[in-house]
Amino acid sequence: MKSLIFQTPVKFKSLASSDVQLWLAMTRVMSDNVSFIDRTGSINAPIRTSTHPSNALPSIDSGFNMSFDECVIDRVKQIYQKHLELQVPIRIQWSGGIDSTSALMGFIEYLGMETTRNCVEIIMNHSSIMENPMVWEQVIRKENFKIINSSHFDALLDGNSIIVNGECGDQVQGSEMLRYLYINFGDAGFDMPWTEDLLLGFVKSRSSSSLLLAPGINDADAKKITDILAKQARNAPVEIDTMYRLLAWYNLSCKWNSTYYRVITRVNHTITPELLSNYYFPFFASDNFQRWSMTDNGEKHKGNWTTYKWKAKDYVCKILGNQEYQAKHRYGSLVHILAHTERCIAIDDEFNFYNSIVPEEWYNPNNSFL
Amino acid sequence: MKQFLFDHSNWGIICVFNQHGRARWEASIMRFCILDTNFGMALPVNPEYNALNNSYIKDKFFQRTLQAGKGGFMPGVQNELNDLYIQKRELASLMYPPIARLVELLHNRSLVNLNEYGAPMDDVLAHEVQTSNPEADQFSPGVMEYAKTLGITNQQAYTELKIEYETSYAFKMRSFAFMKMFQSKIRLIQNKADSDAVLAEINSKLFIETMI
Numbered sequence: 001m002k003s004l005i006f007q008t009p010v011k012f013k014s015l016a017s018s019d020v021q022l023w024l025a026m027t028r029v030m031s032d033n034v035s036f037i038d039r040t041g042s043i044n045a046p047i048r049t050s051t052h053p054s055n056a057l058p059s060i061d062s063g064f065n066m067s068f069d070e071c072v073i074d075r076v077k078q079i080y081q082k083h084l085e086l087q088v089p090i091r092i093q094w095s096g097g098i099d100s101t102s103a104l105m106g107f108i109e110y111l112g113m114e115t116t117r118n119c120v121e122i123i124m125n126h127s128s129i130m131e132n133p134m135v136w137e138q139v140i141r142k143e144n145f146k147i148i149n150s151s152h153f154d155a156l157l158d159g160n161s162i163i164v165n166g167e168c169g170d171q172v173q174g175s176e177m178l179r180y181l182y183i184n185f186g187d188a189g190f191d192m193p194w195t196e197d198l199l200l201g202f203v204k205s206r207s208s209s210s211l212l213l214a215p216g217i218n219d220a221d222a223k224k225i226t227d228i229l230a231k232q233a234r235n236a237p238v239e240i241d242t243m244y245r246l247l248a249w250y251n252l253s254c255k256w257n258s259t260y261y262r263v264i265t266r267v268n269h270t271i272t273p274e275l276l277s278n279y280y281f282p283f284f285a286s287d288n289f290q291r292w293s294m295t296d297n298g299e300k301h302k303g304n305w306t307t308y309k310w311k312a313k314d315y316v317c318k319i320l321g322n323q324e325y326q327a328k329h330r331y332g333s334l335v336h337i338l339a340h341t342e343r344c345i346a347i348d349d350e351f352n353f354y355n356s357i358v359p360e361e362w363y364n365p366n367n368s369f370l
Numbered sequence: 001m002k003q004f005l006f007d008h009s010n011w012g013i014i015c016v017f018n019q020h021g022r023a024r025w026e027a028s029i030m031r032f033c034i035l036d037t038n039f040g041m042a043l044p045v046n047p048e049y050n051a052l053n054n055s056y057i058k059d060k061f062f063q064r065t066l067q068a069g070k071g072g073f074m075p076g077v078q079n080e081l082n083d084l085y086i087q088k089r090e091l092a093s094l095m096y097p098p099i100a101r102l103v104e105l106l107h108n109r110s111l112v113n114l115n116e117y118g119a120p121m122d123d124v125l126a127h128e129v130q131t132s133n134p135e136a137d138q139f140s141p142g143v144m145e146y147a148k149t150l151g152i153t154n155q156q157a158y159t160e161l162k163i164e165y166e167t168s169y170a171f172k173m174r175s176f177a178f179m180k181m182f183q184s185k186i187r188l189i190q191n192k193a194d195s196d197a198v199l200a201e202i203n204s205k206l207f208i209e210t211m212i
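So the protein lines, in turn, are chains A and B. Oh and the first sequence: position 167 is 167 in my numbering, straight run, nothing missing. Oh and the second sequence: position 185 is 185 in my numbering, straight run, nothing missing.
I should point out that these hints are in silico values taken from the structure, not numbers from a laboratory. Watch out, some of these pointers could steer you wrong.
[What the hints assert, rightly or not] Which residues of chain B face chain A? A partial, calculated answer using Cβ under 8 angstroms:
no., residue
1, S9
2, N10
3, N113
4, N154
5, E164
6, D194
7, S195
8, E209
9, M211
This one's a predicted model, so the numbers in the text were calculated from it and none came from an experiment. The C-beta atom is built at its ideal place from N, Cα and C for all residues, glycine as well.
Please build the complete structure, drawing on both the sequences and the hints.
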């Protein structure tokens, strides 16, 4: 039977059974409308979901010791090799954000400005400049990169270029979920050992602020969701000791598919796994970045919210040769670029794209929410 | 100042729009949806100006007036109250919720991101870019002046100005297309169920499905 590798939770709202409603409540805890799919397989959704093998969690390497900077260059080498093999330009979807800027800086460090300019084109719009005027002025405009307007997504991935973007950057470095720790516990929140009580508090807090699905949750359901999430964390292939690492782990293990495919859902032509593996490179979707994410290497934060993604900012500053970029903070700008663009609502494991679905057809009775 | 829409059959006010910055937009959509209506403006000089809203006119009849000092509206002359007007006023109250939500979402999700610099610049930038020919190294006087002021090359100036107006145009066209699509659906509203259905579709298409 087919299963979904990407899904839109609100489309299953009409399924009234308690397991589906509990699953939707858990989705709400992660983020409104996030395509929650547990890549470890520990949490079985009441909707048939799966992860394509190309997006499986990488094996754990106990000897892994690559730094962020080394992971950047490692990823650039992979993409550049593909460029040499296919002889098509590399096009970076530059939103101006920290992640896509890191990707661009990686190419500049590894290839030098001249070669980068010859093989890399920048997909952007004016919002990119608003988000990052310094890199626009000091690098992209100054160095005369070829610019392609990003306002129309549907023609992407046509096999005439390699598309690179900053996607999965949040998944390997953390996400706005971490802001919960800052709001509720201040700087101390990042290094607090995780407990089920703290997780329960997180579940209740997050479910009360939902925009799309009915907000609020009763104590019994909050406890059930906490149990499911806690069990998943205890079975994780890596040690999870702090609240920071717990939330970062959910981000990496359960929100990956959502981020990996969300740009793809805007494409209006047939997509195959082969097309993706050759022509689509979310910059942070490499095995080594994921291993970096799962390693306690001191590069994730410096104990507070404002140092979130500090390593990526540090890297950009290193290449730019000044510290101006340290003032940049995470800003979810993609929503403004993607807003009101057409997209499909689900993708199955055979890469069929759906503009509508019959929720009952995807129900999975053997699930963790019964 | 508040905007309103009035019925041409008797100049009776059928809907009041008092959301600053969006009133004309909302009124324009409704004007398309309800035949033989037009824009009017209420001014604070009228003692009922503060009270004037859609709740206030639900059971009260007000008419547009052009008399000096009246502030654009006045209590209606009862023998001008007619069924056609009442029907339009009721239709307007059904159409207003989806119209307000449509405008709110298009504004907050897309158009709010666009910069505004005193005088509207989109068409100016488009003109300067479109009258340049970078392949022949020919640039409009405006592009060259911009380049000189910023200390960049003509080509760099051309690229920067092009990306700015193209982004603005793309956002506006996308919003305009959705507005036209839903405007046609709103025009067909006849009862509360129709209104709720269109409102739900607007929420789904322009809000729920935009969550990434």
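Tested hints:
{"no.": "1", "hint": "S9", "in the structure": "violated (37 angstroms)"}
{"no.": "2", "hint": "N10", "in the structure": "violated (39 angstroms)"}
{"no.": "3", "hint": "N113", "in the structure": "holds (5 angstroms)"}
{"no.": "4", "hint": "N154", "in the structure": "violated (12 angstroms)"}
{"no.": "5", "hint": "E164", "in the structure": "holds (5 angstroms)"}
{"no.": "6", "hint": "D194", "in the structure": "violated (21 angstroms)"}
{"no.": "7", "hint": "S195", "in the structure": "violated (21 angstroms)"}
{"no.": "8", "hint": "E209", "in the structure": "holds (7 angstroms)"}
{"no.": "9", "hint": "M211", "in the structure": "holds (4 angstroms)"}
Hint compliance for this structure: hints 1, 2, 4, 6 and 7 are not met, and every other hint is.
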